[in-house]
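We have chain A; now place chain B onto it with these hints.
Chains as they are written, first to last, in the numbering used here: chain A, 1 to 365; chain B, 366 to 730.
Worth flagging that the hints you see were computed from the coordinates, not collected in a lab. Please read all numbers here as calculations on a predicted model, not as lab measurements. Any given hint could turn out to be false.
Pairs of lysine to any residue residues, derived as SDA-like cross-links and limited to a Cα-Cα distance of at most 25 Å, are as follows [claimed, not checked]: (1) B:Lys659 x A:Arg66; (2) A:Lys299 x B:Leu466; (3) B:Lys576 x A:Leu86; (4) A:Lys189 x A:Lys361; (5) B:Lys576 x A:Ala155; (6) A:Lys151 x B:Lys463; (7) B:Lys643 x B:Phe655; (8) B:Lys576 x A:Lys361; (9) B:Lys463 x A:Phe154.
Number of protein chains: 2
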Amino acid sequence: MAEKETLEKLTGLGKTMVEQVDKGKSPTFEASLRSKGNIEFDKSVGFLRLGDKKEERTFLNVSQARTFMQTVAVANKAKKFLAEDLHTSIRGLYYQLKFSLGEDIDESLFEEQSESNALVEDLEVALSVKREDLHLTTDRKGVVAGNMIVKDNFAGEQTEIDCAQQGRSGWMIPSDVDNGMEFVDIKAKYVLVVEKDALWQRLNEDRFWKKDNCILITPKGQASRGTRRLIRRLADKGLPVYVFTDCDAWGWYIYWTIKTGSMNLAYLGRDFSIPEAKFLGVTMSDIEKFPFLKKLTIKAKEIDIKRAEEMISYPWINMHPEWVSELNKVLKTGQKIEQDALQGERLTFVGEYIRQKIKNKEWLP
Amino acid sequence: MAEKETLEKLTGLGKTMVEQVDKGKSPTFEASLRSKGNIEFDKSVGFLRLGDKKEERTFLNVSQARTFMQTVAVANKAKKFLAEDLHTSIRGLYYQLKFSLGEDIDESLFEEQSESNALVEDLEVALSVKREDLHLTTDRKGVVAGNMIVKDNFAGEQTEIDCAQQGRSGWMIPSDVDNGMEFVDIKAKYVLVVEKDALWQRLNEDRFWKKDNCILITPKGQASRGTRRLIRRLADKGLPVYVFTDCDAWGWYIYWTIKTGSMNLAYLGRDFSIPEAKFLGVTMSDIEKFPFLKKLTIKAKEIDIKRAEEMISYPWINMHPEWVSELNKVLKTGQKIEQDALQGERLTFVGEYIRQKIKNKEWLP
Chain A
1 MAEKETLEKL TGLGKTMVEQ VDKGKSPTFE ASLRSKGNIE FDKSVGFLRL
51 GDKKEERTFL NVSQARTFMQ TVAVANKAKK FLAEDLHTSI RGLYYQLKFS
101 LGEDIDESLF EEQSESNALV EDLEVALSVK REDLHLTTDR KGVVAGNMIV
151 KDNFAGEQTE IDCAQQGRSG WMIPSDVDNG MEFVDIKAKY VLVVEKDALW
201 QRLNEDRFWK KDNCILITPK GQASRGTRRL IRRLADKGLP VYVFTDCDAW
251 GWYIYWTIKT GSMNLAYLGR DFSIPEAKFL GVTMSDIEKF PFLKKLTIKA
301 KEIDIKRAEE MISYPWINMH PEWVSELNKV LKTGQKIEQD ALQGERLTFV
351 GEYIRQKIKN KEWLP
Chain B
366 MAEKETLEKL TGLGKTMVEQ VDKGKSPTFE ASLRSKGNIE FDKSVGFLRL
416 GDKKEERTFL NVSQARTFMQ TVAVANKAKK FLAEDLHTSI RGLYYQLKFS
466 LGEDIDESLF EEQSESNALV EDLEVALSVK REDLHLTTDR KGVVAGNMIV
516 KDNFAGEQTE IDCAQQGRSG WMIPSDVDNG MEFVDIKAKY VLVVEKDALW
566 QRLNEDRFWK KDNCILITPK GQASRGTRRL IRRLADKGLP VYVFTDCDAW
616 GWYIYWTIKT GSMNLAYLGR DFSIPEAKFL GVTMSDIEKF PFLKKLTIKA
666 KEIDIKRAEE MISYPWINMH PEWVSELNKV LKTGQKIEQD ALQGERLTFV
716 GEYIRQKIKN KEWLP
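Okay, chain A solo, but in the shape it has when bound (with noise of 0.2 Å):
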């Protein structure tokens, strides 16, 4: 259904265009600006997105010729794997235009660690569409089991995995989680995103997805875009979410992308973040509860004081005086707590540490 939208998108952007050059003007396309100044965070919604300010691309324009020839590419290359019914990664991308273009392709624009990829934002932005409509793979990087069954279907074949027989590892979350995919039989009560993988397979062993019937996933560090779309999904389908991480700058961070999106995918909305999440830990507040973690703290590095000097100052985390009295416990401890540090006394109690947190929303927002 996207993909058939996103052809009459691409097409229509084209035809745009054409109509422009035949009425002798400059072809042009309009998109929200991405900058900073045009990044709010929208409380009604929960989650951070592009303003109304936006910018206009033309091709009759010294300074944007180039780049505009290049967004016109991408988008015709985009049309055709669309119409093959393929899909690359914005890497194969670069090489199909290469291929064509020669030279006048910029590869920096398509470097692989690269948050940016600004041609291919341009588009997403321009048509309202996500990379994966545009037959665009990206890394996998998370991890799912638990209670439900993924209807997949995908290069002409059905398949039904079974989150719930997975053994001793999970199935790889995929780089598109939306076209052609349904989330079926989905007898968990909640999501439990886990930060490291380490913890994910502690839980795994334990079987506590099936005894706590909910759906197990690791992000494995910052979430990836299938991960994170994963997570809405089940989050649409009303599961509550619930996030456990380290209490530290990378843990924080994750939590919070998750939850609200961040500054550089402001322009993803609403489809990639997940405001209903809730933070169940690690805490600094978690020492008073459970003593033995006393001796478990380790010293906070300078990127955790500075995130958490940071992170008060942002109107969506001031906003929730948990979030300000547990970053200032970090602030003036100097300390940290690793989600790791769980299995110190013994290693099933992360799952009774999960359990309690829940039974008594012992959350943070």
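Chain B alone, transformed into the frame defined by chain A:
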């Protein structure tokens, strides 16, 4: 089986030490020396391994007392994990030790990013066991799909995972693919290891593993321990192993680590090397066979050049004239090729390339 043996070895280590103490001697244990001077490429077997030099760790030695005590503590915890039949990560082990020993445990030896984890390595070498046998999990990274079934006996459950029923994604390769796990009903004829996730996804969409009847693995960069063990086990079943990477420093390193092991991990020996592996490409010579690649090379980075020079100096590489010739092509042209470039002309060419390479035996040793 390995677990029972490991438990006996751990008990044996402890008993020997107690006997030493009873005799009024300093408790001692011996392990192969892991430093560079004791690493050799064994041509007869085709992998890097430790030589005959041993080192003795003894308690009554001022410079060794602390590490010795920590090693014994690690052995003790591993014995406990085996007895409890529970697993944790090295980081979890660190917190268990910190809980028992307080400040006496050296965090730096348990750094997540460190390749060393010296104390665990000591035990692996001294007892000739893998850390997985000590119930220590490692991070998962690779993904698998293909015509084989995994019989998994884990956490008191029996599961069968059909790697041909993974839809658009795959089964995440677990940390430990040995204890309690069997690969059965392998209809696939060979193993294809693809460096990048993007290329795995490309081939998976083409159902390459189905049409060509292979097992499709991506390590997603450098191979995790679990991925290396999986490839080793499949090679032990007689399946040829073909590796497909970028033609650059990182790609070559990935291949040679899979094939012969690396200096860092030479102590792991045959368990983690696949000397039978062949290198399918990408190679600079491919340009002659596939002229469209000519305009898709990119400038080699300094690290690629440096690495190519280093590799030519390694006896286990320069014993192969094909490799010397290939590396010289990179040095001479100052160019490299990524595997993604194969998609430049058309996306589905990747599979055709692999098919042709295997059919014509166009691989490097």
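Hint by hint, here is what the structure shows:
Note on B:Lys659 and A:Arg66: the hinted pairing holds, with a Cα-Cα distance of about 24 Å set against a maximum of 25 Å. As the CA atoms of A:Lys299 and B:Leu466 are separated by approximately 17 Å, the hinted pair is consistent with the 25 Å bound. A threshold of 25 Å between alpha carbons decides the hint, and for B:Lys576 with A:Leu86 the separation of about 17 Å falls inside it, so the pair holds. The hinted pair formed by A:Lys189 and A:Lys361 meets the criterion: a straight-line CA distance of about 15 Å does not exceed 25 Å.
In summary, the hint linking B:Lys576 to A:Ala155 is supported, as the alpha carbons are separated by about 13 Å, within the 25 Å threshold. Between A:Lys151 and B:Lys463 the alpha-carbon distance is near 45 Å, which puts this suggested pair outside the 25 Å criterion. The straight-line distance between the Cα atoms of B:Lys643 and B:Phe655 is roughly 20 Å, inside the 25 Å bound, and the hint therefore holds. Using a Cα cut-off of 25 Å, the hinted pair B:Lys576 and A:Lys361 is violated, with the two alpha carbons roughly 51 Å apart.
As the CA atoms of B:Lys463 and A:Phe154 are separated by approximately 48 Å, the hinted pair breaks the 25 Å bound.
Consistency note: the structure conflicts with the earlier hints numbered 6, 8, 9.
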